[in-house]
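Asks: Sequence:
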Amino acid sequence: MRLIERYLFRQLVGPTILATAALAALALLARSLSEFDILVEQRQTALIFAKMILLALPQLLNIIMPVALFVAALVALNRLHTEQEIVVCFAGGMSRWRVISPAMRLAVFAALISLALGLWAQPWSARLIRETAFDMKTDLASTLVRPGEFTEPGPGLTVYAQSIDRDNLIKNLFIHQEKPNGGSVTYTAREGVIAKRNDLPVLIMRKGSNQEFSSAGVLNYLSFEEYVFDLSTLFQSDELLHYKIADRYPHELFFPDMTQDWEQHNRVKMLAEGHSRLASPLYNIAMMAMALAAVIGGSFSRMGYGKRIAAVGAAAAVVRIMGFGVQAACDDQVWLNVMQYLVPIAATWWGLAQVFRQKIRRYVPIGGAQPLGGLS
Numbered sequence: 003m004r005l006i007e008r009y010l011f012r013q014l015v016g017p018t019i020l021a022t023a024a025l026a027a028l029a030l031l032a033r034s035l036s037e038f039d040i041l042v043e044q045r046q047t048a049l050i051f052a053k054m055i056l057l058a059l060p061q062l063l064n065i066i067m068p069v070a071l072f073v074a075a076l077v078a079l080n081r082l083h084t085e086q087e088i089v090v091c092f093a094g095g096m097s098r099w100r101v102i103s104p105a106m107r108l109a110v111f112a113a114l115i116s117l118a119l120g121l122w123a124q125p126w127s128a129r130l131i132r133e134t135a136f137d138m139k140t141d142l143a144s145t146l147v148r149p150g151e152f153t154e155p156g157p158g159l160t161v162y163a164q165s166i167d168r169d170n171l172i173k174n175l176f177i178h179q180e181k182p183n184g185g186s187v188t189y190t191a192r193e194g195v196i197a198k199r200n201d202l203p204v205l206i207m208r209k210g211s212n213q214e215f216s217s218a219g220v221l222n223y224l225s226f227e228e229y230v231f232d233l234s235t236l237f238q239s240d241e242l243l244h245y246k247i248a249d250r251y252p253h254e255l256f257f258p259d260m261t262q263d264w265e266q267h268n269r270v271k272m273l274a275e276g277h278s279r280l281a282s283p284l285y286n287i288a289m290m291a292m293a294l295a296a297v298i299g300g301s302f303s304r305m306g307y308g309k310r311i312a313a314v315g316a317a318a319a320v321v322r323i324m325g326f327g328v329q330a331a332c333d334d335q336v337w338l339n340v341m342q343y344l345v346p347i348a349a350t351w352w353g354l355a356q357v358f359r360q361k362i363r364r365y366v367p368i369g370g371a372q373p374l375g376g377l378s
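For the sequence shown, the residue numbers in the numbering used here are 3 to 378.
What the hints contain is simulated information worked out from the structure, not anything from laboratory work. Take the hints with a grain of salt, since some may be wrong.
Okay, derived cross-link-like pairs now, SDA-like style, lysine to any residue, Cα gap no bigger than 20 Å in a straight line [unchecked claim]: (1) Lys-271 - Ala-128; (2) Lys-246 - Phe-136; (3) Lys-198 - Ser-234; (4) Lys-53 - Leu-30.
Derived DEER-like restraints, expressed as beta-carbon distance ranges [as the list claims (entries may be wrong)]: (5) Phe-326 - Leu-31: 18 to 26 Å; (6) Arg-208 - Ser-186: 19 to 27 Å; (7) Ser-211 - Pro-149: 16 to 24 Å; (8) Phe-11 - Ala-135: 40 to 48 Å; (9) Asp-333 - Arg-100: 24 to 32 Å; (10) Asp-167 - Leu-224: 23 to 31 Å; (11) Arg-208 - Phe-257: 50 to 58 Å.
Just so it is clear, CB atoms sit at the ideal spot from N, CA and C, and this is done for glycine as well.
All chains should be built: construct the whole structure from the sequences, respecting the hints.
Replies: Right under this line is the structure:
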């Protein structure tokens, strides 16, 4: 790039980074509010909470990057055009393509980043989110005990705990168990912790006692410093971790394992997701082309370009909504996948057509001029 092109490129990069950062911060804030139950109800650590929020960033960036690019381009281009810097470029002999090439280079760069996010970063982060959520779902401490509540994690078993600290140390624990032979046993302990011994889950209770009633009504009392309560019979879950369509890598979406029933039934949806990963980056180029059309696509105006920008902004919103609608429709019809590419390509063509459209008049009317010899 030449000096003037590098200058135009720098004027676009700054607002784009700021707009992307601002929208990403808002998206992460909204995500954190929706995931707040991780701290409150599931009693996970702040590190797990932050991990779940940050892992959503690749998917969020893919959504907000075209919007951020469009907004930033409108702001930067409108300022450059209002201050007549772009007019000076045209007056200096620069072609329209040379003037818009820094903006299009930025759009292509953003599209490549979006493509990399969609093909690799997004499925990688989505899988980590799924695995972390699965670990929380199968967390014995959160399943067995709820602070201040009586729970029944298994048949004939009642558990109560006063509180659980951040280290998953259970305070003032009460357990009542009904036995199949008609007897019952009650455990009380000042503290307890869930651990594994020989790869089996156990509850280690400390400084407590148990009272056991046999089926004959005989009471046995025992105090202990430490007692191990077997949990393996309560938590024999055969639930497996299953990756959803959004968690799959491109080769898994386009070439599913047809020996699996789930992948056979969802083959069309997987193809739609795969084509969406490839087509979504094109919206970065489409949004930039439409922003260029809003500012450079018409004649120069000292009064600003508010109406034109508003009209193109509405058109850009319609284009993006159409893209989401087409993606949803592709879940049922394979042939519609071509529309996922046609929508952003058509928007790009329209935007560039407005930029390069020049109305040249063959004849220029001159006031009240009369032909020579017109006087009689």
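Asks: Now, for every hint given, state plainly whether the structure supports it.
Replies: Hint-by-hint comparison with the structure:
no.	hint	verdict
1	Lys-271 - Ala-128	holds, 17 Å
2	Lys-246 - Phe-136	holds, 13 Å
3	Lys-198 - Ser-234	holds, 10 Å
4	Lys-53 - Leu-30	holds, 12 Å
5	Phe-326 - Leu-31: 18 to 26 Å	holds, 22 Å
6	Arg-208 - Ser-186: 19 to 27 Å	holds, 22 Å
7	Ser-211 - Pro-149: 16 to 24 Å	holds, 22 Å
8	Phe-11 - Ala-135: 40 to 48 Å	holds, 41 Å
9	Asp-333 - Arg-100: 24 to 32 Å	violated, 43 Å
10	Asp-167 - Leu-224: 23 to 31 Å	holds, 27 Å
11	Arg-208 - Phe-257: 50 to 58 Å	holds, 54 Å
This entry does not satisfy hint 9, going by the numbered hints stated previously; all others are met.
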